[in-house]
Amino acid sequence: MQTLISHIERCSSFDGPGIRTVVFFKGCPLSCKWCHNPECISFEKEELFYPEKCIKCGRCQSGCVTGARVVCGRIIPVHDVVVTVKRDEKYYSGGGGVTLSGGEPLAHNSYVNELIDALLKENIDVAIETSMFKYDEEILKKVDRIMADVKIFDEKKHLEYVGISGEKIRDNILKADLLGVPLTIRTPIIKGINDDEQNVRLTAEFASSLKNCVRYELLPYHAMGVNKARALGKEQKVFSAPDAKTLENLKKYQFTR
Amino acid sequence: MKPNVYEAEQALKTKPIYSTAYERVKLLNDVMHAYDDLPQPLKFSRTLAYLLENVSVPVKEYDLIVGRAVDKELNAEEEKLFQAFIADNGNAYRSGAFFGSGHSSYEWEYIVELGVGGMKSRAISRLSTENDDAKRAFLQGAVEVYDAISSYILRFANSAKQAGLAAQAARLEKVAFSAPETFAEALQLVWIIALIDCAYVTLNPTLTLGRPDVFLYPFYSRDIASGRLTREEAKELITDYYCKHNLIMGRGEHQLGDDKNSTTFDRITNFDAPQYLLLAGTDEKGESAVNELTELFAECIVPSFKNPVVVVRYFIGMDKKHERLWNILMRKALQSSSMMFYNDNDVIAVLKRMGVTEGVHDYIHFGCNWASTGNNGAWMWGGPSSFAFTPEMSEEDKKYLRRAYMRYPVDMGWEGIFNAALYQLADENLKSGVMDRLFELFMAGVKDFISQKISYLSRELTVRQKNPSRLLVLTDCFLRESIDSAECYAASAKYHFEASSFQMFANVVDSFVAVDELVIRKKSVTLKELAKAVKNDFKDNEWLRLACKNAEKFGSDGEVSNAYAKKLITAFTDYVFEVSKPYFEKQGLFLMPSLEGDTWHIKCGRESGASVDGRRAGEPFAQNARPSNGSCKNGLTGMFNSLLSVPGGSVASGALNVDVDSRAFSGEEGLKNFSNLLATYFNAGGLHAQVSCVSRDDLLAAQLDPDSYRDLRVRVTGYSGVFVDLCRELQDDVIARMDP
Ligand code: SF4
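Line order of the protein sequences matches chains A and B.
With my numbering applied, the first sequence closes on residue 267, and no number is skipped along the way.
With my numbering applied, the second sequence closes on residue 744, and no number is skipped along the way.
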C-alpha cells in the first residue's frame, strides 16, 4: 500500500512549538466518532464534493476548477515533502519545525521513517502527533517530540467511541516514556462523553506519572469534521464542546513542565 | 485610567463626525482679503498671526503638555458662513495665503536646538544681507511667523498660569523665545509647532514628527543624568503628548466614506489623517540608533489610539540586538496598535541606488506610506500642491502647477495597461513566444506611463523654480536650508521626488500567471477566448472566471507567481531608475519606486473592467504590496516568501497588511512565535508590515464571500483551521468567541 498524503499545512502555530509545517497522512486505524479530519481515515484516495460551489459546468472529468470537487490523497515523494518543508525553514528558528499528523503517521511506518531521516539530516525539528495505537520504537526514538491523545480513561467507553483499546494506548505511551523523548499528552474534551472530572483527573495523573511528559493539555471539541464528512458523503454526529464553566474547572489539571 | 488617556479615547470614539475647527474658518474669513496687496509670504505670516492671536487657548487641569484646539458642530448660521467660505476658497483650509497639503516634515533637531527665538535671529541675520525684494519678503514673512508662534505660546502660558499649572506655564514662557533645555520643554515645543501645523495651517495634517528618540535623546539623557527627570515622568509626558495628537484627530473617513461618514478635504479642519512618528533605525554610519528613549516611546503606545502612527525603522538583526524593545513592539503590534514597520535595509538601498547622498539615514515615511528622503527632500505631490501663481505666469505654466494632466493623485490603471497588451496580443496570433511578447507589450505601456509622468513633473518643477521665493509655507520656517536660500523648499530642496507605484501589483502578476497557466501550459482556453471573456466581464463564462481565479496566485509562495513577481518588479524598478537619472542629475528630481496605492485599489477597482486574474469589473484590486484577498493559501510564511521574491532594495514603500487572529498568537508562546515570524521576514529583507488582529467583522464578511477570505485562519482548539473551510456551526462558534 502506497502512502497518501492528504495535505501539507504551512505556518501552523498550534501543532507543537514555534512555527511548523504539518504533514497530514491519509489513513487511520481508529474511528473516533468526533474525528476532525474524517478525510484522513480511509487509506484510499477520496473525493470531497461541496455542492454549494458546483456551477454545473459538466467538466468534472477534466478537473474541477471551482473547488466543488476536491480530490484528497496524493503520493508525494519524500524528497518533495522535504522541499516544501524547507521553503519555510528560516521561520523554524524559534523552535519550530515539522509535525507529522493525520490520520495516523505510525500507520505509514516505512514512508514516515524515511521522511524523518531526511528531515533530521536537514536538522529540522520533527514532532509526531499520534494516537499511539502501536509502539514503533524505531520511529518514536528518532523524533524530537511526541504528541499523543489519551481520549477516554474508561476502557468500555474508549472502545465504544474510539474503536480500539485505551489501555493498550496507555501501555504504548508508558513504553514510549522510556525513550527519553519529550511527550505531550492531550485530551479532546467532548460534552457528556469525557468532560467529567474523574476522567480528566485520572488522565492528568497518568500524564504526570510519565517521566518525560512536558505538558498535559485539554482540547475542547469543535465540529470541524462535520462539513468534511458531509463532503465525503458520510454523516458525522455533531457533538458539543464542554460548558465554559466545566472547561474552566477542568483546566486546573493542565500542566506544563 | 488616567484622565488624559480617557479623554483621548473618548474623543476618538465620540467626537461628532462633522465637528469642525470653526474658529479657524471664522478668523480666516475675517482677514480673507485683508492682505491681498502683499506678497504671499507676508500675506501668510499676517493671516497666521491673526489666527494665532485670536483662537482659543484652552488648558485642562491635567495637561502636562499644553496646547489644544477647539472644534465643534456648527449651527445653521455658522454652517452658512462655512459654506460661503468653502465656495470662495475651495475648502476650509485655503485662505489664499495658505498653501500646502500636509505630508511635510520639519528639521526637528533644528527646532529644538535653536528654539523659536534662535530661528528668528537666524532669519533676521539672513535678512540683513539680502537685497532681492522677493527674498526679503520671504524672510520677513518667516520672521513674522516666529513672532506669531512666540505670542501664541505666551497666550498658552497665561492660560496655564490661570489654571494653576505653574510648571507648565514656566516651560511655555521659556520656549516662547528661548531654546528648550529640558526634555519636557523640548517636547512641549514640538507639540505646539505640530498643533499649529495640523490644526491651523495645513490642508491635510499628515505631518511627520521626525525621529523623536534621536532628536530628543540629548535632552532626555541630560535630565536623567542630573536627576531632573525620572523614567516614569518621561513616560507620562510622552503619553500626554500622544493624547494630544488624538484630540486633534477628526473622525469620519476622508477617502472612502459614504454619505454618513464622509468628511472630504473641503469639510474638515479636524481631519482624520494622522501624524507620523519614526522610531529606531540606523544612523549615518549604518549602526543602530536605538536608545533608551526609543523604548519609552514604544512603551507609551496606547493600542486604542489612532494617532500618531508609529513607524518603526527595522534593520537587520534588530530583534536580537534590542530584544527587549522588539518584545515591546511585538506586544503592541499584536494589540493592533497604530504602528508599522519599515526595513532600513530596503529603503536606504533604494535611495542610494538613485544617487541620494545626503540624509539617506534620516529618511522618513509620510502618511500613508510614502517614502521621503527626509528634510532635504520635497515630495512633489505632498508638498505645496498648488504653488502660488504669479501674475505673469502663462496658462500653460498654470496647468502644470495645477496638475491638470494627472488622472489620479497616484498612478492608476495598470490593469488597464495589462488588458490593452492582452487584447493586442490576441490579435497578433503568435505561434510561439506568447509570454515574452505579453511582457514586452505590458512593459511598453508601463514605460510610456512612467516617462510621461516624470516629464510632466519636471515641467512642474521648472515652473516652480522660476520664482522660488514667491511662496512661503510653514515648513520653510523649520528648514535651515529654506531660510539660508530664502526660497521655498518645494522649489529649491536638494531632492524632489514623487512615488512611482507599480499599481495593482498582485493583480498584474496573477494575470501573467493565469495566461501562462491556462493558455500556455494547460491549454484550457485560447488567448482570443480569454481576451473576449475579460472584455465581457466573464459574462456567461463563470467557469473561465473561476479557472482564472483559482490559478496559482501571488501570495501562495508558488514558483511561477514568485518568478513573475520578481521579473516584473525588476523590470519596473530598473526603468524607474533609468528614466529618473537625467532628471535627477539636472533637477534632483526622481521617481521613488513603490508598491503603494493607498486606498485607491477600491476606487480604481470600482471604475475598472474585469481582469485576467478572475476579478470581476468593479471589484477592488489588491491593495498596495499585498496579494489579492484569498491568495495566501500557505499562511503567513507563504505570503512572506512571495513578498520576498521582490528583491530587496527595489521599492521604498508599499504597505503589507498582516492580518492575524490574536488567538493564533496568544499568550507568551504566541508572542514569541509571532516575533520570530516577523523578525525572520524582515531579516530576510522584507520591506514592510502592519499588523492587525482579525476582527469579527472580517469573519462575518468571510461568511458572505468565502473565496476572498481564504487566508483567514482561526484557532480552533489545539490547531489552526482555514476559517471558510470550517462548517457553518463552527464558524458561528468562532465568531461568537470574538464577541467583544
Ligand atoms: S467540474 Fe466542478 S463545478 Fe463543474 S460540474 Fe464538476 S463539480 Fe461542478
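Treat the hints with care, as some may be off.
[Claimed, not checked] Here are the simulated BS3-like cross-link-like pairs (lysine-lysine), alpha carbons at most 30 Å apart as the crow flies:
1. Lys-63(A) to Lys-543(B)
2. Lys-100(A) to Lys-457(B)
3. Lys-151(A) to Lys-185(A)
4. Lys-570(B) to Lys-63(A)
5. Lys-19(B) to Lys-64(B)
6. Lys-96(A) to Lys-325(B)
7. Lys-536(B) to Lys-131(A)
8. Lys-100(A) to Lys-64(B)
9. Lys-457(B) to Lys-543(B)
10. Lys-536(B) to Lys-66(A)
11. Lys-543(B) to Lys-96(A)
12. Lys-96(A) to Lys-676(B)
13. Lys-676(B) to Lys-152(A)
14. Lys-457(B) to Lys-637(B)
15. Lys-403(B) to Lys-457(B)
[What the hints assert, rightly or not] Covered stretches of chain B, going by a simulated chain A footprint (3 or more residues, C-beta under 8 Å):
16. 278–287
17. 549–561
Since the hints were made in silico from the structure, they are not lab data.
All of these numbers come straight from a predicted model, not from anything done at the bench.
Here a beta-carbon is modelled for each residue, glycine too, at the ideal position from N, C-alpha and C.
We went through each hint and held it up to the structure:
Distance check on the hinted pair: Lys-63(A) and Lys-543(B) sit about 18 Å apart at the alpha-carbon level, within 30 Å; holds. The hinted pair formed by Lys-100(A) and Lys-457(B) fails the criterion: a straight-line CA distance of about 40 Å is larger than 30 Å. Proximity of Lys-151(A) to Lys-185(A) is assessed by CA-CA distance (about 11 Å); at most 30 Å being required, the pair is judged to hold. In summary, the hint linking Lys-570(B) to Lys-63(A) is not supported, as the alpha carbons are separated by about 33 Å, beyond the 30 Å threshold.
The straight-line distance between the Cα atoms of Lys-19(B) and Lys-64(B) is roughly 18 Å, inside the 30 Å bound, and the hint therefore holds. Of the supplied pair hints, the one linking Lys-96(A) and Lys-325(B) holds, its CA atoms being roughly 26 Å apart against a limit of 30 Å. In summary, the hint linking Lys-536(B) to Lys-131(A) is not supported, as the alpha carbons are separated by about 52 Å, beyond the 30 Å threshold. Distance check on the hinted pair: Lys-100(A) and Lys-64(B) sit about 52 Å apart at the alpha-carbon level, beyond 30 Å; violated.
Restraint check for Lys-457(B) and Lys-543(B): the C-alpha separation of about 35 Å exceeds 30 Å, so the hint is violated. Between Lys-536(B) and Lys-66(A) the alpha-carbon distance is near 22 Å, which keeps this suggested pair within the 30 Å criterion. With a C-alpha separation of about 42 Å, the suggested pair Lys-543(B) and Lys-96(A) falls outside the 30 Å cut-off, and the hint is violated. Only pairs whose Cα atoms come within 30 Å are accepted, and Lys-96(A) paired with Lys-676(B) is accepted, the gap being roughly 21 Å.
Between Lys-676(B) and Lys-152(A) the alpha-carbon distance is near 26 Å, which keeps this suggested pair within the 30 Å criterion. Our distance criterion of 30 Å between C-alpha atoms is broken by Lys-457(B) and Lys-637(B), whose separation comes to about 36 Å. Between Lys-403(B) and Lys-457(B), the direct Cα distance comes to roughly 14 Å. Compliance with the 30 Å bound is thereby established for this hinted pair. For the region 278–287 of chain B, the stated coverage by chain A is not satisfied: 0 residues place a CB nearer than 8 Å to a CB of that chain, which falls below the threshold of 3.
Note: the region 549–561 of chain B has 4 residues with beta-carbon separation from chain A under 8 Å; the three-residue rule is met and the coverage holds.
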